[in-house]
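Protein chains in written order, with my numbering: chain A, 1 to 132; chain B, 1 to 132; chain C, 1 to 416; chain D, 1 to 416.
Please keep in mind that the hints were generated in silico from the structure rather than gathered at the bench. Heads up, the beta-carbon is just placed ideally off N, CA and C, and yes, glycines get one too. The reader is advised that the hints may include incorrect statements.
Partner residues aside, some chain C positions facing chain D, computed with beta carbon under 8 Å [stated by the list, open to error]:
(1) 27
(2) 49
(3) 98
(4) 134
(5) 268
(6) 270
(7) 336
(8) 363
If you want the building blocks of each chain, they are given just below.
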Amino acid sequence: MNIYEEDILDHYENPSNYGTLEKPDISYEEDNPLCGDQIRMDLEVEDGVIKDVRFSGHGCTISQAAASMLTEEVKGQALDDVKKLSKDDILEMLGIPLGPVRLKCGLLALKVLKAGAYGIKGWPGEEDDEEE
Amino acid sequence: MNIYEEDILDHYENPSNYGTLEKPDISYEEDNPLCGDQIRMDLEVEDGVIKDVRFSGHGCTISQAAASMLTEEVKGQALDDVKKLSKDDILEMLGIPLGPVRLKCGLLALKVLKAGAYGIKGWPGEEDDEEE
Amino acid sequence: MHVDRNEFHPLEVDRIREDFPIFAGDSPIAYLDSAASSQTARCVLEAMDGYYESYRSNIHRGIYHISEEATAAYEDARQKIARFISARRASQVVFTRNTTESINLVAHSWGNANIGRDDEILLTVMEHHSNLVPWQLLAERTGATLRFIEVTDEGLLQLDDLDQLLTERTKLVAITHVSNVLGTINPVWEITAAAHSVGATVLIDAAQSVPHLPVDAQALDCDFLAFSGHKMCGPTGVGVLYGKRELLEEMPPFLGGGSMIRAVQRERSTYADVPARFEAGTPAIAEAIGLGHAVDYLEKIGLDAVHAHEQQIIDYAHQKLSEIDGITIYGPKPRMKAGVITFNLEGIHPHDLAGVLDTTGVAVRAGHHCAQPLMQHYGVIATARASFYLYNTMEDVDRLYDGALKAQNLLARRQG
Amino acid sequence: MHVDRNEFHPLEVDRIREDFPIFAGDSPIAYLDSAASSQTARCVLEAMDGYYESYRSNIHRGIYHISEEATAAYEDARQKIARFISARRASQVVFTRNTTESINLVAHSWGNANIGRDDEILLTVMEHHSNLVPWQLLAERTGATLRFIEVTDEGLLQLDDLDQLLTERTKLVAITHVSNVLGTINPVWEITAAAHSVGATVLIDAAQSVPHLPVDAQALDCDFLAFSGHKMCGPTGVGVLYGKRELLEEMPPFLGGGSMIRAVQRERSTYADVPARFEAGTPAIAEAIGLGHAVDYLEKIGLDAVHAHEQQIIDYAHQKLSEIDGITIYGPKPRMKAGVITFNLEGIHPHDLAGVLDTTGVAVRAGHHCAQPLMQHYGVIATARASFYLYNTMEDVDRLYDGALKAQNLLARRQG
Ligand SMILES: Cc1ncc(COP(=O)(O)O)c(C=O)c1O
Ligand SMILES: Cc1ncc(COP(=O)(O)O)c(C=O)c1O
């Protein structure tokens, strides 16, 4: 249950798809004001499919590793499939349980990605998972 | 510890000095809005000494018995001595311990008497017992 | 008294009583004051002690184990309570200190923003002071007018003239679900529907209903619902405000401080989403966790069963007390009310009645029950009130009856 | 580490630790987050369980035994707390939920009545959000202006320009006694005297002082003082507002409801005397009783001894942590502060530091500590904070040190 697994540290130290795209079709950025974590996602989209993706920003290991893993996952995926990604998918990628504070860190990249995919304001919001 | 001692019930049923004075030198009245207990005290005062006293009003056994006992006690006393009467004097007269709610009932007569003796507004207030 | 178990005991009261420490011992109290505050279930105390003994910490921001555990337990309690009152989302449950604070929160945050000089607030004459004084204060701040649904002699709401009372000036209807004095169960669903038809917002004071009846906030369709943990087998120090999502989200903050912010600058701040926006400072963590367990406990037993049990008791209490000479019972017939019986004995001050009952180990309340306008309606200053809950028995009623007779013997000698 | 007992252990910490259930067991947590919320003493839990198990009832109006007992215990707690902070009268102690509510009570009741458009409220840059946001909201309501005492790089208040900041427009000075981030003990007596000389009212946020230092409200001469039970070995859900008698007596009610009234009519009410006027609804009864016992506990040990103990620890912690490469410690030297040490390790996010420390059983807080303006002053978004209390040991500091090195090994590889 150690949250500093090698896998996470590897992604933190050598993140995949780190950087920006020159002409992204979609670009969205958000921060977590509580801890200052910040993620930007640039997407190149063709026929509804993510051709390329880059993330940038800074923050704790969890937020950065989650972003790195997420970019690996979604490259080549349909935008509509990205919309279906959930909290549980991120937890599975990270492979460790997260407490409530770290969960916000872990989900920041997904939040940014989804907000981008939905076109920011169209997104129903992360809280909707809660609905019964 | 039974609060319905015969002594209290006797005073309740056959109160001493019940009634009003025709020309009181001091007359004061107050109620306890929480339970509706009401006491009026009429005093005849000569040279600073209570020559005669009557109480009237209605309420629970404790408030009425305390008023009755108190009138017996203060008849013939100097007004200045009345000002010195305390919560403990009342409790001694009643001869039983009182919980916080009934204490308010038990002290109503004293409160009215003191307010009268001090001239209502000059009275520092019952709360002052609390001061350290 | 020998009774048919199925008929009179839908609850296994003997087993239930074991869940409440106060009834242990040889001469347990006949506790007939649950409408003021109920006993607290042992499982609730254990849950709170569990927090204090093994994961005591502050919530929300902690990154270490026990703080994460505390946060999860606190939010879990919110989920449980949301489910208990059939709220759509957990975020519609705001933790407060008690019903009183819940109502004041609405009066300040929603009220200041939505109520103006020409508006009317419709209440009933049977409101608890906690659902009256906050609106008096709001009316003072805004110039709005209070109006009242009257009470019939039987103790029901006088709803014939509801149509006249509800106009387009009515901005808020704030009513009690169950009267804490009369026990009357008000038709809050119908009143809510009528209020909504003129565009009014509806707050239900559920302090006496959520502990005793199944309450479904979505089905009632009310906009706000307020209740207290200490009346429903929970601890003191925690209450709940439920609100419709759109309303809560639009409401400005009430108390400012830690946890209710998004970002703070020297001169101004932005605020967190609901429910955090309304939970400034360190909340009643242990108490919220305890209330979650109280809800588990009540759900396990079933609110239908609790209500049925109280119905049996109150039926019997009416029957038995009616035998007493000189008794006046206030409020409707047993079938139309919850487990409360309020009465006076001729010539005996309710304080004295309660005092004599106390000498026999029977605890009832005496006074105005924080409902002075209702007392004024009945022309009395105080009454005695016995209120029942899942742990009360028919024997408690017998003890109440015997004690009342004893008080008459002792105190009503002047009569005769 | 071998230490001279008299020099380093004015408290018998081993015995004290036995009073806190969380330290039982083989591998106790190094709990370094008492500034957020302290552990609760066993005697406090026992007092609360005692209430729940043997005299559980509502207070104030009850005429039966257990309610009288509960009322007496609740009021007794008020007396104890009054004595603890050297208030003249028990009625100057108002029970609230926490420091945050205490401050909001003043902002609403006193603030709305006394603050106007041309008035200024003087704060400091090191205030907790709970002593900032309520004044922002008051300023929004009234049009008043907020002004700030700056913080020096060393983490002290910049008092040189206090004379310019304090003018006849200054109506309120609201300052923290001890900073929850820097540990700075502010010269509140001097500031209060200066504020009074221009006629300003003074509120002291004592959330971090009352638990850790002897605080004498009369000697400080402040007008209001606010603190929380959960930071001083007490339970969650209860806090205190102390106020000068004349001020409290003139203040209009804040929350309306049961217990705070004298007499209620349909359209208007008259209000009870203080403190009841400010305690609407059923209060946190068990919690207030618990807090009374926490105060007994702290008094028995002695606040001087507690402070001296924290001084020893914080001295040692400064010494030890200063050895770490790349550490920045915020705030003044040990001798000028209470038992708090806030720091950052270069290249390591405080969340990660706290996360690694957690894997070694060390609990510290990481974040903005509800003091974003202070973070902005230092140009950081978050820091790590270790805070100490009477039950902490030198060994806890060693574990903090070891954990910090571990975090560097694990996470600072990018550096170097
Ligand atoms: C200085 C200071 N003020 C106010 C508060 C708020 O206390 P509470 O959350 O108990 O209301 C805190 C606690 O974090 C504090 O440290
Ligand atoms: C109908 C009703 N409303 C409100 C309240 C106030 O509840 P609390 O004192 O928990 O705020 C009560 C409790 O007496 C009540 O019976």
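Structure-based check of all given hints:
1. A least Cβ separation of about 12 Å between residue 27 (chain C) and chain D goes past the 8 Å threshold, and the interface hint is therefore violated.
2. Because the closest C-beta pair between residue 49 (chain C) and chain D is about 6 Å apart, less than 8 Å, the hint holds.
3. Here the hint on residue 98 (chain C) is kept, as its CB sits about 4 Å from the closest CB of chain D, short of 8 Å.
4. Using the Cβ-Cβ criterion of 8 Å, the hint placing residue 134 (chain C) at the interface with chain D is satisfied: the shortest such distance is roughly 4 Å.
5. Here the hint on residue 268 (chain C) is kept, as its CB sits about 6 Å from the closest CB of chain D, short of 8 Å.
6. Nearest Cβ of chain D to the Cβ of residue 270 (chain C): about 11 Å, over the 8 Å cut. The hint is violated.
7. The criterion of a C-beta within 8 Å of any C-beta in chain D is not met by residue 336 (chain C), whose closest approach is roughly 24 Å, and the hint is violated.
8. With its C-beta approaching chain D no nearer than about 4 Å, residue 363 (chain C) sits inside the 8 Å limit, and its interface hint holds.
When the structure is compared with the earlier hints, violations turn up for hints 1, 6, 7 and for no others.
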